[in-house]
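All chains, full assembly: derive it from the sequences and hints.
Number of protein chains: 2
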Amino acid sequence: MSQPADTAFPPFPGGKQPRTERGRRSLRKLLDAAALEFGEKGFHEASISGITSRAGMALGSFYTYFDSKDSLFRALVSDLSARVGTEARERLDPAQDALGAERAAFSAFLDFAREHQEIYRIIDEAEFVDPASFRQHYESAAQRINERLKTGMKKGEFRPDLDEAHGWAIMGMNVFLGLKYAIWSEGRTTDDIASVAQSILKGGIVKP
Amino acid sequence: MSQPADTAFPPFPGGKQPRTERGRRSLRKLLDAAALEFGEKGFHEASISGITSRAGMALGSFYTYFDSKDSLFRALVSDLSARVGTEARERLDPAQDALGAERAAFSAFLDFAREHQEIYRIIDEAEFVDPASFRQHYESAAQRINERLKTGMKKGEFRPDLDEAHGWAIMGMNVFLGLKYAIWSEGRTTDDIASVAQSILKGGIVKP
Numbered sequence: 001m002s003q004p005a006d007t008a009f010p011p012f013p014g015g016k017q018p019r020t021e022r023g024r025r026s027l028r029k030l031l032d033a034a035a036l037e038f039g040e041k042g043f044h045e046a047s048i049s050g051i052t053s054r055a056g057m058a059l060g061s062f063y064t065y066f067d068s069k070d071s072l073f074r075a076l077v078s079d080l081s082a083r084v085g086t087e088a089r090e091r092l093d094p095a096q097d098a099l100g101a102e103r104a105a106f107s108a109f110l111d112f113a114r115e116h117q118e119i120y121r122i123i124d125e126a127e128f129v130d131p132a133s134f135r136q137h138y139e140s141a142a143q144r145i146n147e148r149l150k151t152g153m154k155k156g157e158f159r160p161d162l163d164e165a166h167g168w169a170i171m172g173m174n175v176f177l178g179l180k181y182a183i184w185s186e187g188r189t190t191d192d193i194a195s196v197a198q199s200i201l202k203g204g205i206v207k208p
Numbered sequence: 001m002s003q004p005a006d007t008a009f010p011p012f013p014g015g016k017q018p019r020t021e022r023g024r025r026s027l028r029k030l031l032d033a034a035a036l037e038f039g040e041k042g043f044h045e046a047s048i049s050g051i052t053s054r055a056g057m058a059l060g061s062f063y064t065y066f067d068s069k070d071s072l073f074r075a076l077v078s079d080l081s082a083r084v085g086t087e088a089r090e091r092l093d094p095a096q097d098a099l100g101a102e103r104a105a106f107s108a109f110l111d112f113a114r115e116h117q118e119i120y121r122i123i124d125e126a127e128f129v130d131p132a133s134f135r136q137h138y139e140s141a142a143q144r145i146n147e148r149l150k151t152g153m154k155k156g157e158f159r160p161d162l163d164e165a166h167g168w169a170i171m172g173m174n175v176f177l178g179l180k181y182a183i184w185s186e187g188r189t190t191d192d193i194a195s196v197a198q199s200i201l202k203g204g205i206v207k208p
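Going down the list, the protein sequences come from chains P and U.
Counting from 1, one number per residue, gives the positions in the first sequence under the numbering used here.
Counting from 1, one number per residue, gives the positions in the second sequence under the numbering used here.
Listed next, the in silico EDC-like pairs over lysine to aspartate or glutamate satisfying Cα-Cα at most 16 Å (straight line):
(1) U:Lys41 x P:Glu127
(2) P:Lys207 x U:Asp97
(3) U:Lys207 x P:Asp97
(4) P:Lys207 x U:Asp163
(5) U:Lys207 x P:Glu157
(6) U:Lys41 x P:Asp130
(7) U:Lys207 x P:Asp161
(8) P:Lys155 x P:Asp97
(9) U:Lys202 x U:Glu157
(10) U:Lys202 x P:Asp161
(11) P:Lys69 x P:Asp130
(12) U:Lys41 x U:Glu118
(13) U:Lys207 x P:Asp163
(14) U:Lys155 x U:Asp97
(15) P:Lys41 x P:Glu118
(16) P:Lys41 x U:Glu127
(17) P:Lys207 x U:Glu157
(18) U:Lys202 x U:Asp97
(19) P:Lys202 x U:Asp161
(20) U:Lys150 x U:Asp97
(21) P:Lys41 x U:Asp130
(22) P:Lys150 x P:Asp163
(23) P:Lys207 x U:Asp161
(24) U:Lys155 x U:Asp93
Some chain U residues well away from chain P (every beta-carbon gap over 10 Å; in silico):
(25) Gly23
(26) Arg28
(27) Gly56
(28) Ala58
(29) Lys69
(30) Asp70
(31) Ala82
(32) Gly85
(33) Glu90
(34) Ala104
(35) Phe112
(36) Gln117
(37) Ser140
(38) Thr151
These are computed hints drawn from the structure, not numbers from a lab.
Glycine included, every Cβ here is placed at the ideal spot set by N, Cα and C.
So, in structure tokens, the structure goes:
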């Protein structure tokens, strides 16, 4: 599920945009290696040389793209945020109803988390390493959900009184189901867990 | 909303149970001071002398209860977990229906988080400082929700097919609504946010 090298990168605070295809490939390698290094060692123990070594790159090439370990970390959080968004968007289909769109987006997130187990630790550590990135990650994820809720309301499929807080509630449900069933235990399938979330979104938990 | 000094403390790994009322008061003071110190400075910058100074106690009295900053941190996470559970239990009432019990428990959590803003940072930092405490905090919170769900199913008020994952979904909803509306922004009341969660639990988000 790795992102194609020619995908545009989000703007990196303190990072430099590559201008060539080769540059984009190198940046992608650095970000992937950083995800493994930060995920395994945590921010403080992670090192730039550990990251370039994982990426199979010379230490000096790091500085073509980033000023510091901090700026790489910020870029990585921003990259992971964007990739979660991209994964969800790729599963959306105009033929889906609004509830189906929530299922597709959540399934994409679960699959991404299963394949990139390090995402939880990295995002969670951002709360301490770079609080603005942490907040931005969740604000932007909530915004994506809220845009889908608005679409569902416009189509008359969702209740007309949904507001921003409903999006945050759905995001929290998704994040914790992911933590429990994609990271801490793997005994239940994506489909099964997506069905639990869907059943709550569809009819709540009260006996009909 | 401070806990009465005579409340039993949860067993502390590495901590020593006080045997007298005076000892319990001192331990309570230490834990409250630790919550402020860890919440404000984070685990690594926090110091034992900063904590005893906040508590108005001599540095030496710290070691009557704890071996180290680590053992105090573990005790604090365990204490916060227990207090969240106690706050919820105190609002439960046999006259409530099962949905009302969820509202009461979530409102108690929101109020607790508003009054103890440091709880999020401390629990979140536990993922890095003491991962077992972090996991235990959420496993036990999910268990409390799942016990209430079982009660609601037995009473025939909740759908009979709810399982553990539904409890994790509800917990995630509550945690993220708390993060957004008790910690990051305060413009909406506990009642208003509890109503959002209730509306999802009651009928989902689909137009009836």
